[in-house]
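There are 2 protein chains.
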Amino acid sequence: MTRLFNDPSEFAEEARLGVVAAHPDKLMAVPGGVVRSTRSKPGTVAVVIGGGSGHYPAFSGLVGQGLAHGAAMGNLFSSPSSQQVYSVAKAAHNGGGVLLTFGNYAGDVLHFGQARERLIKEGIPCEIVLVTDDISSASLEEIEKRRGIAGDLTVFKAASAAAEAGATLAEVVAVAAEANRRTRSFGVAFDGCTLPGAGDALFHVPAGRMALGLGIHGEPGISEQEVPTADQLAELLVARLLDEVPDGIPLNGARVAPILNGLGTVKYEELFVIYRRVDALLRDAGLTIVEPDVGELVTSLDMAGVSLTLFWLDDEMETLWRAPANTPAYRKGSVMVAEALDPAEFQQSLEREVPGASEASRQLAGGVLKALEILVETVDANADELGRIDAVAGDGDHGIGMQRGCHAALEAAREARDRQAGAETLLSFAADAWADRAGGTSGAIWGVILTSIGEALGDQQPLNAQRLAAGVSAAGSNVMSFGKARLGDKTLVDVLVPFGECLNEQAAQGSGVAWQIAAQRAQQAAEATAELLPKVGRARPLAEKSLGTPDAGAVSLSMIIRALTPLIKSCD
Amino acid sequence: MTRLFNDPSEFAEEARLGVVAAHPDKLMAVPGGVVRSTRSKPGTVAVVIGGGSGHYPAFSGLVGQGLAHGAAMGNLFSSPSSQQVYSVAKAAHNGGGVLLTFGNYAGDVLHFGQARERLIKEGIPCEIVLVTDDISSASLEEIEKRRGIAGDLTVFKAASAAAEAGATLAEVVAVAAEANRRTRSFGVAFDGCTLPGAGDALFHVPAGRMALGLGIHGEPGISEQEVPTADQLAELLVARLLDEVPDGIPLNGARVAPILNGLGTVKYEELFVIYRRVDALLRDAGLTIVEPDVGELVTSLDMAGVSLTLFWLDDEMETLWRAPANTPAYRKGSVMVAEALDPAEFQQSLEREVPGASEASRQLAGGVLKALEILVETVDANADELGRIDAVAGDGDHGIGMQRGCHAALEAAREARDRQAGAETLLSFAADAWADRAGGTSGAIWGVILTSIGEALGDQQPLNAQRLAAGVSAAGSNVMSFGKARLGDKTLVDVLVPFGECLNEQAAQGSGVAWQIAAQRAQQAAEATAELLPKVGRARPLAEKSLGTPDAGAVSLSMIIRALTPLIKSCD
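Chains as they are written, first to last, in the UniProt record's numbering: chain A, 1 to 572; chain B, 1 to 572.
There's no promise every hint is true.
Simulated DEER-style distance windows between Cβ atoms [unchecked claim]:
| # | chain 1 | residue 1 | chain 2 | residue 2 | range |
| --- | --- | --- | --- | --- | --- |
| 1 | A | 252 | B | 419 | 54 to 62 Å |
| 2 | B | 349 | A | 142 | 55 to 63 Å |
| 3 | B | 343 | A | 208 | 39 to 47 Å |
To be clear about the criterion: a stretch of chain B counts as covered by chain A if any three or more of its residues have a C-beta under 8 Å from a C-beta of chain A, and this derived list gives those stretches [unchecked claim]:
| # | stretch |
| --- | --- |
| 4 | 17-26 |
| 5 | 220-231 |
| 6 | 298-312 |
| 7 | 409-421 |
It should be emphasised that the hints constitute simulated quantities derived from the structure, not laboratory data. All C-beta atoms in this analysis are idealised placements derived from N, C-alpha and C, irrespective of residue type, glycine included.
Isolated chain A (complex conformation):
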């Protein structure tokens, strides 16, 4: 079980800071994840990987020379927000465009996709290649639906080696897709992992049993059997994979790079006992083994499981697989250590441009800044109360987290105002600062809210009721998709969605910015949520409340909406 943590909702963020502290020669923290702290060749493609945290060395441990340029790091087992992905990609971008590559999970597909759109809008060429190596997660007919597991590594490695060698974005995309086509994995599990602070494991496999094809987050497997011997397991894994050799590869004489991966508590000696037999079986099948990897390469906290990956090589893939790499958790070959980036200079290069805005939008931006000031006053005045509410079902730090986030957001918004930003840009500065400084899911969610509203307002138009209403509704949808919460889960979604609906109804009726009416609806929703608080208690495992501190979040959102009423009324 996972025993050592502080505030469970800060676990992923604290781990991110720790991995950077342990590897300053390779990693640099940027909002949303990490990038290399060494200089890459200008003009080369940046390979940006990522996904939920809890899978170390995926993903931050695979950033460094010869492997990824950056990793977007979400909360535990949760996709990073599109903002996090965007921020990391922006920092990793090196003039040659960006490849986003990651395991095929719905949340990741959505948020990396949104980030890609934002990058392209800013003129940064960006493509996506999904990893789909897990043969037990869908049939060959639906190969595109398969999940990505330890085969992530072969795709990341091949694409990154190609990028390092100066390939264009189109070439890197082709390499990544071909590496994915040539990669197949099969996994088994013996027990699930425990999230920090949870009373029990995320899932269980009955004692003495082995689940075949169980996903690394507990996604359903295909069957169950008794725990076999190490040799029997090796035989099972090899047989499954030899049964599905990718098209066009004659089995005899083929070259493979095997990866025998432990998920967390299947330890090294066990892996070596199994690998001993895997090695013999692959040789017996007439295969040539190229640079195998045996160890913990994609974990799931303390999950008990193991997977075998075969990467079927041709000359090009073999060259890319053998290419040197130097990351916190993955090294091969002789790497000449690259020049360290100067953090100050690097930060400067990350300075955001402010796109041109209309006079009307700059005025609107001024109004938004006032709204943020009121928001900060409201949060400051109620921080203790929010902490108290949060302590009922959460960790009691909601007030502190909100304060940290909104003060950072206000500061960034003032900078944007001073630089003549329009409403969208000002909200985007504020959103990034909030998500970055508040940390955790709650910070990311407020980033999503501000970004969504900003995108609806734009940098050119004056305030308009329909656009504002549409922005609030988009914020509701995006928060649900990001935080995995549905309406009725007693989270801030229960306030945000009816608030947006009410705004939209009124706007459709031509009632202007009907903030006051909608604010009443929001407050009713928050009260309904708050009433339930004592009944909810601390019983729900963290996994179910992936919004971090959701219930207090509903209350704080409704407070903020109410506090903004006089301001918004005044511009009605």
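Given chain A, work out where chain B should sit, using these hints.
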């Protein structure tokens, strides 16, 4: 728990073969462990590390350029035999002498010590430096009694970097001793590990509690408390270590290399969360941090625990710590990959010399060869029966293991005879072959028996009752010390010791080689052991029966003694 294995008694050996299969570019299997598969600079000191298996990457994962030259690998949590250490050191020796360095455990101290004597006898300069970093295992006044834990790494690394740079054996010894003096560790544990096939963990810590100073094999700790937060644990570990800074190091401005080590199931993200705080605390204390290591560097199968090591650097130690290394589990800096050894040529270089022997001893060697032939016939004739007996309390493979070992021993003995070996050398050839080919503890024990008798017989003298009796008694003592079994544990010790005593009594009375009388005593002892077999059953955990398949071993030893009676009588 450890779930994946075949025959539990073969687990360590199969893991050894697996780690070599996974890392052929770095490791080569030799009898008793592994050595580098790359060429080292001739004339440099060889650093040989080792200890029980179950601690990967200690010890095979730390063999390679810039780190150790070889690792002697015992059974799970059991010291390697002196023969294994000798064999690995012999293979690793590079013309500059050998440093044996390992954690301070009684079994290791004994067997590495015996190996050292044997190496020196053969003209190979050899020294020992013990690692004693665990501050909770003894007081500062008894610092030499402290155990070695994750601080192994700093001593191995500093000594190996010095050896790589061409230091003499005396210089490497001085570096290793100074690195040990400058290294302090403190560990905590949350639960014990499970040996393959055992029904329960080797030890437990009560749920929700943390044991301070608990050893990596469950050696008693110093106190127990509730599991703290990650930050509180960081504070505890740092405070303990800052409380015992090695002599002569002013705290402010000092340089340290921290190692935050996970024992097996405290996973990476937890380690990074803790390290984040450790890093801040060390900086707050005015220390400069040099190349920290955070990860799994010395494990104990699936033990839940963590330790912090501080290596207090001066200029020399910092240079050695920063030096490049390239091993299966430990890499830093830019390493030019060294030339691969040609396995055939390497095997040739390992060919053993046959020391000169007297005519009398060569004749005696002929008699020993006949004894080995009888031994082989006896084992072959009774292999099925031995398997059946072993199946009662063991894994049923005792017959097969004995056959594998004794046939290899006979073949090696014939080669020695053809090369004019004396009795000691012939038995030593046979012993090494048996231990190497039979594998497991039972093979190692027969190696100890044959070596002990050989050493008593020598290469110069004719057969003599006292010397033979002394050899058998030495075999009994050495087996007890190696296998951790005592008289009365119902193992082959219960046969070997009374047999030796009887021989000694008779020899003291001038009764010549009183084999027949002693053989009767041995048989009675074996019968007493065998009678208990059905009562012993499979209940005893593997850890308690560290002799592997002890009960069947008592029976086979007595069979062999009985079968030898006509031969030994004839030379009476």
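Okay, the hints, checked on the actual structure:
no., hint, verdict
1, 252/A with 419/B: 54 to 62 Å, "violated, 44 Å"
2, 349/B with 142/A: 55 to 63 Å, "holds, 57 Å"
3, 343/B with 208/A: 39 to 47 Å, "holds, 41 Å"
4, 17-26, "holds (count 6)"
5, 220-231, "holds (count 4)"
6, 298-312, "holds (count 5)"
7, 409-421, "violated (count 0)"
Hint compliance for this structure: hints 1, 7 are not met, and every other hint is.
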